[in-house]
Amino acid sequence: MSAKAVPTMADIDQVFAGITRQEGVRYTALWLNEAGFRKAQATAQVDISAYLMFYTTDALSLRNNNCTAQEMRERQEKWISLYKDAGAPIESAYIVTAFGCNLQGEVPIADTVAAARHIIKLAREHEFPVPRIMLADTVGWADPEDVKRRVGAVRELAPDVSIGLHLHDTRGMGAANVYAALQMGVDMFDSSIAGLGGCPFAAHANVHGAGNVSTEDMAHMCHEMGIETGIDLDALLEAAQVAERVFDRPLAGKLMHAGRPNRHPVNNLVISTDAGAHRDST
1 MSAKAVPTMA DIDQVFAGIT RQEGVRYTAL WLNEAGFRKA QATAQVDISA
51 YLMFYTTDAL SLRNNNCTAQ EMRERQEKWI SLYKDAGAPI ESAYIVTAFG
101 CNLQGEVPIA DTVAAARHII KLAREHEFPV PRIMLADTVG WADPEDVKRR
151 VGAVRELAPD VSIGLHLHDT RGMGAANVYA ALQMGVDMFD SSIAGLGGCP
201 FAAHANVHGA GNVSTEDMAH MCHEMGIETG IDLDALLEAA QVAERVFDRP
251 LAGKLMHAGR PNRHPVNNLV ISTDAGAHRD ST
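Residue numbers (my numbering): 1 to 282.
In short, the hints are calculated from the structure, not lab data.
Treat the numbers as computed from the prediction; the structure is a model and nothing was measured.
There could be a bad hint or two in this list.
Stated by the list, open to error - Below, simulated EDC-like cross-link-like pairs (lysine to aspartate or glutamate); rule was C-alpha separation at most 20 Å, straight line:
#1 K121 with E74
#2 K121 with E91
#3 K78 with E127
To be verified - Label pairs and their in silico Cβ distance ranges:
#4 A10 with L82: 35 to 45 Å
#5 D248 with D187: 34 to 44 Å
#6 L82 with G226: 10 to 20 Å
#7 H264 with A10: 44 to 54 Å
Glycine residues also receive a C-beta, built at the ideal position from the N, C-alpha and C atoms.
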């Protein structure tokens, strides 16, 4: 990303230099253009996770990448060559604004499917395995039923292709959308500690509108439903609390503020015999 457009991205090398690496953890980076990829390559400790990026609308593509959706498609040809030269397998392909766009409005399912079809076409032409197709709810338009419809439509197009979701909790439906996707067999989700992040160019009502789904909240939901994630939830909560101290403002995570459910609470209910009244000392 341009450090001029997003100043917080200017010190990526310093951020990675400060990381104490842990075995079994990949430390990846995000880029939106060739220059960003080159910077990631040149930064020590960055694990390159190659991906492609496609837009369903010109409006957000112009705002986010300074080019039309078609121009961004054409740029992906160069990205593929860059990745091949770097020996980096393409792991995923993102369809940005796969559910709708604040700047341009409704995105027909046909447009989302067309982007998925183009990804498959590129993989065949350039002879690389079809990557995981990530449907990105970049500006928080998705609802559970639409998640099911769009995941189902892409799966109908390509039954053997892995599908993942990049969800935002912009309008409070993040957890419901994750649940709907789980019901559809999706098992790969992008998320962030304490719900940090979000697109700075999405034209929300204010700066608090952006935000990815919270990693610890989604892990908690899965654990409560009996879905094992292999994630240390206590460590996630500790990380979320550290993030809140660093940012010095309340963050969007729910579990970090409510705490994990106490399965063996002390009964503080006091029953009064007066007229059948009762009071709860909590």
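Hint by hint, here is what the structure shows:
Taking the CA atoms of K121 and E74, the gap is about 13 Å. The hint holds against a cut of 20 Å. Restraint check for K121 and E91: the C-alpha separation of about 16 Å stays at or below 20 Å, so the hint holds. For the hint pairing K78 with E127, the CA-to-CA distance comes to about 15 Å; that is within 20 Å, so the pair holds. At about 22 Å, the CB distance of A10 to L82 disagrees with the hint of 35 to 45 Å.
Between D248 and D187 the Cβ separation comes to about 35 Å, which falls inside the hinted range of 34 to 44 Å. Between L82 and G226 the C-beta distance comes to about 42 Å, which lies outside the given range of 10 to 20 Å. At about 49 Å, the beta-carbon gap between H264 and A10 stays in the expected band of 44 to 54 Å.
In summary, the numbered hints that this structure violates are 4 and 6.
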